[in-house]
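Take a look at the letters that make up each chain.
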Amino acid sequence: MMKEELETTNRPDNTAFTQQRLPAWQPMLSAGIVIPGFVLIGLAFIGIGVALFITSQNITVLEKDYTGVETTSDCYKCSNPSDKNCTCKLEFSLSNLFEGPVFFYYGLSNYFQSQRSYGASKDEYQLSGDLDYFKTPISACSPYQYDANQNPIVPCGSLANSMFNDTFKLYQIVNGTKKLVPFDGKGIAWWTDYNIKYRNPSVTPLKNAFNGTVKPSFWSKPAYELDTSDPSNNGFVNQDFLVWMRRAALPDFRKLYRRITEGDYARGLPAGNYSLEIAYNYPVLSFGGRKKVVFSNVSWMGGKNQFLGIAYLVVGSLCVVMSMVMLIVYAKFKFPEDD
Amino acid sequence: MLRRRLNRLFGRDERRVDSRTIYVGHRPCPATDAFIPPKFCDNRIVSSKYTVWNFLPKNLFEQFRRIANFYFLIIFLVQVIVDTPTSPVTSGLPLFFVITVTAIKQGYEDWLRHKADNEVNKYLVTVLEDGRRTRKESEKIKVGDVVEVVEDETFPCDLILLQSSREDETCFVTTASLDGESNHKTHYTVPDTEKGLESLSATVECEQPQPDLYKFVGRMHIYKNDQEPAVRSLGPENLLLKGATLKNTQKIYGVAVYSGMETKMALNYQGKSQKRSVVEKSINAFLLVYLCILVSKALVCTTLKYVWQSQPGQEEPWYNQKTQKEKDANLYLNMFTDFLSFMVLFNFIIPVSMYVTVEMQKFLGSFFISWDKDFFDPEIQEGALVNTSDLNEELGQVEYVFTDKTGTLTQNSMEFIECCIDGFQYKNRDSSTELDGFCVTDGPVSMLQQKAGREEEELFLRALCLCHTVQVKESTGQEDGVGDQVDGVLGLDGEMVHPAELRGFIASSPDEVALVKGAMKYGFTFLGMESKNMRVMNRDKDVETYELLHVLNFDPVRRRMSVIVRSNCGDIMLFCKGADSSIFPRVRQEEVDRISMHVERNATEGYRTLCVAYKLLSSEEYAQADAGLREARLALDDREEKLMAVYNQVETGMSLIGATAVEDRLQEEAAETMEALQRAGMKVWVLTGDKMETAKSTCYACRLFQRGTELLELTVRTLEDGGRRREERLHEVLLDYHKRAVQDPPPVKTRVTRSWTSAKQDYGFIIDGATLSLVFNSSPDSSHYKSLFLQICQNCTTVLCCRMAPLQKAQIVNMVKNSKGSPITLSIGDGANDVSMILEAHIGIGIKGKEGRQAVRNSDYAIPKLKHLKKLLLGHGHLYYVRIAHLVQYFFYKNLCFILPQFLYQFFCGSSQQPLYDAAYLTMYNICFTSMPILAYSLLEQHICMEVLMSNATLYRDVAKNAMLRWSPFLYWTLLGVYQGLLFFFGVRFLFSNPALQDNGQVFGNWSYGTIVFTVLVFTVTLKLAMDTRHWTWINHFVIWGSLAFYMVFSFFWGGIIWPFLRQQRLYFVFANMLRSVSAWLVIILLILLSLLPEILLLVLRKPRWPHSRQKKPLVQSGEGETQSSARPLLMRTFSDESNTIL
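As you go down the protein sequences, you meet chains B and Y in turn. The first sequence runs 1 to 339 under full-length UniProt numbering. The second sequence runs 1 to 1143 under full-length UniProt numbering.
No lab work stands behind these hints, which were simulated from the structure alone. Careful: at least some of the hints might be erroneous.
Unchecked claim - Chain Y is faced by these chain B residues, among others (derived, beta-carbon under 8 Å):
1. S142
2. K197
3. M301
To be verified - In the DSSO-like style, the derived pairs of lysine-lysine whose C-alpha atoms are separated by at most 30 Å in a straight line are:
4. K105(Y) with K221(B)
5. K140(Y) with K39(Y)
6. K122(Y) with K251(Y)
7. K251(Y) with K325(Y)
8. K691(Y) with K215(Y)
9. K615(Y) with K215(B)
10. K373(Y) with K215(B)
11. K135(B) with K327(Y)
12. K169(B) with K64(B)
13. K179(B) with K169(B)
14. K179(B) with K77(B)
15. K49(Y) with K140(Y)
16. K179(B) with K84(B)
17. K281(Y) with K105(Y)
18. K215(B) with K327(Y)
19. K215(B) with K292(B)
20. K275(Y) with K373(Y)
21. K169(B) with K292(B)
22. K615(Y) with K521(Y)
23. K247(Y) with K185(Y)
24. K84(B) with K322(Y)
25. K292(B) with K322(Y)
26. K297(Y) with K281(Y)
27. K322(Y) with K221(B)
28. K615(Y) with K817(Y)
29. K169(B) with K186(B)
30. K820(Y) with K281(Y)
31. K105(Y) with K297(Y)
32. K327(Y) with K84(B)
33. K140(Y) with K275(Y)
34. K691(Y) with K521(Y)
35. K135(B) with K325(Y)
36. K135(B) with K247(Y)
Glycine included, each C-beta is placed from N, C-alpha and C at the ideal position.
Taking the hints into account, I'd like the entire structure generated from these sequences.
As structure tokens, then:
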């Protein structure tokens, strides 16, 4: 009751802020600014759109389904899940040079890597090389936390367990003989994933770190033997493993498998017949999925994607058209401010 | 509060008894067998809500009683209990933040209350204990203590006055802080206690504490040696109330009768009921819509999940097998937990932070009102006072303004204008010259045509000098004559008796001072009281003394007051002055005829008129009256009724000697303010206790009634025509007016176009208190009458209600408030009699006027002058409404387009509650990334600058009727949110049809997807706000660009470090990688532009509605000014000094 009396005895501060008189910029979106602005933006967008569209058009993509649903397909024989160690061939021919560097992707569809329980089913401490978590993986990995004998699974969890395990070999058929196209498996995963985020335990040889653990049930080889040819490509920093562990956003996705950058194929795949030998291991038919391989080259904007170019062209022309409409409207109904 | 309740509970036994007995000075009295000190509550005042110990639980309890907080608590608990997609932190952190901030604010406020309490409770007072004076803290005073109070101190508790330092056994107090009356009131000691307080042995028997300030009944038994105890009656004139201040008296002693929370002040202190604004109601309505959206989203997702899972192979694909626990769980339980999980995932659609931001906006925004120097009044050295910050925006929504007349429209500073003696008019315009002039001629009274006999003149002037309760304030040189008292400091020339001495008059009503000063102009000077003698200096500089025998106090029912005096020569005279209606029936009819004409003419000119009558009492008559008065004063029961009866009996058969006219000046710019309010579409109702003629002329002077206004009168006078029953007549008149004002003219619905210049017939309605109670209370048809009355009133531009009791004022406000469409009402007043309507209306405004602080204390906003109302409503109110409306809409919008992509993503992740955004983004979106710009906007935005708003009152109609928070703008914002949400999600979706977005062929995953969407989102909603901002101060620039920059920096950091406390480094380098991709950049730019495109188009194509900025269109503005000024030459004048120009 007393404080009221005291509070207001002195005169209020006469500053610009307290009097709400701060100097202010009062922009008005008038036709004089908006119409030229729209024209400019429209033209710029059309320009970018054209560039994007042409770039995208120049990208070559070769996409082949090898799930083996059709009986005519060579892989039909492997589509029975009980059939282990099945290999099938996919043959195709190129009439022109497939310009390099060529990127080789595998694609899966109707495969929900984006499911929450699936994505959460991993132990990042384990994957960063913490040996404590080799013994006791987190419970989120369940049901791939321990095997039936209560041995810890490393790497644990559904995500690691379901790692894509089809392998491919590409041959160019030159005069009836098969010539192996060399694949480059380096640098297909994010640099930070390979160098920082995922770490093997600092135990040499790496195999010892995995003592007392078992490999994921779906895997045919333990983690430390994923790449027998390159010892630095094993364990958790195996490039294929890293690519797999970065979950796709959508149920139809592709992941980078290899690049073709070496030898005779550095400039691309020459015209001719090719045969892709597939070690068909990965079951997808049980959930209605499809598998495919994609050969593609990339540009500054990444892989082939018509959407961006078209969208830019549409929006750009929309802007131009609208500026025209506005011009007409303004010319007709002369708004007072234009007088 | 709790304490009080407890006291009530424990005091139940005591309460059953009707009276309490107090032993003065705790001394046992001979009459009582055993002295049992009765238990009363201590003198501690507790207005605080919390203590250190109960603060946490009590405050938390109160906070979670708010539905929003409770909702977030539930969400948080669900997250803790059920396996949900986001960690409890995401909702726990904001909730914690909100609760903490609110708790700190409330804690601070309570600390202030504690401090104020302590100031009162620890105040040192002097208590007489066994004859010794001891200093004690105020809170330690017990009932029965004898307390000493010195001049200008406030009384620490309710005291019975025992002894005063003044010779006449009186003391003066002001009760300004209690009831707002700033006059000095005289209180009397209890007789026979004058001497020897140490040995005084007495008991006080009085009623139990009750809140009525003006009622007190008790009696005192005084025991002297072995005599029979003397009994003295105690009335309100013996009781000194806590909170009142001792004036003009050196010191007094009193015995405490009520203490602490039982004092009348504490009983009157009521926490004002919380007023909630319409915006809050809109928020709640929108909230409900969003809650429905939320629930339906969760339901859709849950359904889809189970539909999708029923497809072969999708229930449990081999790559994502369920755990044993999941397999065992009950299907329906699973569905329920899934539903809860979805609720949690989408709960961000209802933003916690909106409540915080709204609170902060209101709290901070209210400072701008108290800071505004335009509200500063140099006279009282005060600016505006904001008592509640909850209603800022309501100021922009007012439809009905209820204003008091006296002190609000008018200044309540009275000036004696003229008088009428015995039917002759005396006018004294230019006082000083005329006074001199008349000193040398034969008489002091300016004569116009004829003049009354000297006898009558002098009698009349004596009456003016005697019939009042004015006190003379002897000035002591350094006295600051101008305080808050109603006084006139008058300088008299050297010819006078006291040269160079300043003399102040103190009175309960400014009229009295005006009259005494008026009499002085004509040569009769009231010199003051000397014990019981009134001294008057007459024209011949002789001092006449009159013994004051009785004062028959003024009361609003009688509307008159009288004094009975005995002159030197022994004549006993009764002088009476009062309203014409109360005097005329008590005097002879032929006298009335002579004077009533003058009275009526004066009234129509806007003056306050009083009639003066007198009567010579024979000694028998006096003896009878004296006995009656004494008896009535001593009565314990129904004292007032008895007094009233005696008064009425004495005040009869008088003879009318004259009438006075006193001018009540209009407030500064009262007319312009009223005019502006009306042009802004508000309807102004004047509610006054004054008589009709005076009020009507004030209305004319304020331009509330105009030349063309057709007045519909519904007063006692109109009802008395024809001599039929009043109810019948009322019905007839009501129907007639209804026909004229409601049915016949084209309805006044076209509010927006209705302007003060339009040719449409304006109606003004006049009703008086008596008729109003007839309308309200006439039995079965009352609701019918009421609705007729209301309809008529609503079609009138101005309604004048005169002769209103305070309660009737509140009744009127209540009626309008609850009428169809529940319009927003505002009451403005300055006196204690306006408190009821101030509390009743949606917004109560107090004027820091002369009638004390009661109105100010109960108001929501207090301003020094009426003219400030214009800026408060048209300027601040309009801006705050626009600000908060935009704030609310924007908040819902930005959360809709925040959560919609997350919802859509459920279709692409098997409805598995996978969040699209990282937890940090989910948490920070509303707290950090998008909160500051909207807060800055909602504090600083001036879509139209203040000057234009003030000069162009019709702009107020643009936001009338909650225009920006109706369903159609809400739908617009919602659609905008949906459009943008769809765009964000599907734009990125199409981009991700090929996730190889980098030139090294590497692919992006789900977190990159979410981050791209989120980046587009943050930029779009911020830029959307930037587009809506019309007033860019450096603060706006800083927070808008600052929060975008902060988002970028934060994202870099968040993704740039392996955070040791996080298990999942989901965003590690996601943001940096995104920026490395040209496609991501391009899609972000594209989507931002595309989502803002419709807005830009609308902005350009929509005709600019308002004349905008000052610098932009000097031409338009000046043109407008011209049209206005040419059309309103009359209104440009100041009306302050032409209140009496009558049409």
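Consistency of the hints with the structure:
The beta carbon of S142(B) comes within 4 Å of a beta carbon in chain Y, closer than 8 Å, and the hint placing it at the interface holds. Given hint, K197(B) at the interface with chain Y, holds; its Cβ is 5 Å from that chain's nearest Cβ, closer than 8 Å. For M301(B), the interface hint holds, the least distance from its beta-carbon to any beta-carbon of chain Y being 5 Å, beneath 8 Å. Only pairs whose Cα atoms come within 30 Å are accepted, and K105(Y) paired with K221(B) is rejected, the gap being roughly 63 Å.
For the suggested pair K140(Y) and K39(Y), the alpha carbons sit about 14 Å apart, so the restraint of at most 30 Å is met. A hinted pair counts as satisfied when its Cα atoms are at most 30 Å apart, and K122(Y) with K251(Y) qualifies at roughly 21 Å. Restraint check for K251(Y) and K325(Y): the C-alpha separation of about 85 Å exceeds 30 Å, so the hint is violated. The hinted pair formed by K691(Y) and K215(Y) meets the criterion: a straight-line CA distance of about 27 Å does not exceed 30 Å.
About 120 Å separates the Cα atoms of K615(Y) and K215(B), which puts this hinted pair outside 30 Å; it is violated. A threshold of 30 Å between alpha carbons decides the hint, and for K373(Y) with K215(B) the separation of about 77 Å lies outside it, so the pair is violated. For the proposed pair K135(B) and K327(Y), the alpha carbon gap of about 26 Å is at most 30 Å, so the pair holds. Between the alpha carbons of K169(B) and K64(B) the distance comes to roughly 15 Å, so the proposed pair stays at or under 30 Å and holds.
Distance check on the hinted pair: K179(B) and K169(B) sit about 10 Å apart at the alpha-carbon level, within 30 Å; holds. Between K179(B) and K77(B) the alpha-carbon distance is near 25 Å, which keeps this suggested pair within the 30 Å criterion. Proximity of K49(Y) to K140(Y) is assessed by CA-CA distance (about 21 Å); at most 30 Å being required, the pair is judged to hold. Between K179(B) and K84(B), the direct Cα distance comes to roughly 26 Å. Compliance with the 30 Å bound is thereby established for this hinted pair.
Taking the CA atoms of K281(Y) and K105(Y), the gap is near 23 Å; set against the 30 Å cutoff, the hint holds. For the hint pairing K215(B) with K327(Y), the CA-to-CA distance comes to about 24 Å; that is within 30 Å, so the pair holds. The suggested pairing of K215(B) with K292(B) holds, with an alpha-carbon distance near 27 Å, which does not exceed 30 Å. Annotation: proposed proximity of K275(Y) to K373(Y) holds, straight-line Cα distance about 27 Å (limit 30 Å).
A C-alpha spacing of about 14 Å is found between K169(B) and K292(B), which places the hinted pair at or below 30 Å, so the restraint holds. Taking the CA atoms of K615(Y) and K521(Y), the gap is about 25 Å. The hint holds against a cut of 30 Å. A threshold of 30 Å between alpha carbons decides the hint, and for K247(Y) with K185(Y) the separation of about 9 Å falls inside it, so the pair holds. Of the pairs offered as hints, the one joining K84(B) and K322(Y) holds, with about 25 Å between alpha carbons and a cut-off of 30 Å not exceeded.
Taking the CA atoms of K292(B) and K322(Y), the gap is about 27 Å. The hint holds against a cut of 30 Å. A distance of roughly 24 Å separates the Cα atoms of K297(Y) and K281(Y); the hinted pair therefore holds under the 30 Å criterion. With a C-alpha separation of about 24 Å, the suggested pair K322(Y) and K221(B) falls inside the 30 Å cut-off, and the hint holds. Only pairs whose Cα atoms come within 30 Å are accepted, and K615(Y) paired with K817(Y) is rejected, the gap being roughly 49 Å.
Restraint check for K169(B) and K186(B): the C-alpha separation of about 16 Å stays at or below 30 Å, so the hint holds. At roughly 17 Å between alpha-carbon atoms, K820(Y) and K281(Y) fall within 30 Å of each other, so this suggested pair holds. With a C-alpha separation of about 36 Å, the suggested pairing of K105(Y) with K297(Y) is violated against the 30 Å cut-off. For the suggested pair K327(Y) and K84(B), the alpha carbons sit about 29 Å apart, so the restraint of at most 30 Å is met.
Distance restraint check for K140(Y) and K275(Y): the Cα-Cα separation of roughly 36 Å exceeds the 30 Å cut-off, and the hinted pair is therefore not satisfied. With a CA separation close to 27 Å, the supplied pair K691(Y) and K521(Y) stays within the 30 Å bound. For the suggested pair K135(B) and K325(Y), the alpha carbons sit about 22 Å apart, so the restraint of at most 30 Å is met. For the hint pairing K135(B) with K247(Y), the CA-to-CA distance comes to about 87 Å; that exceeds 30 Å, so the pair is violated.
Violated hints, in rising order: 4, 7, 9, 10, 28, 31, 33, 36; the structure is consistent with all others.
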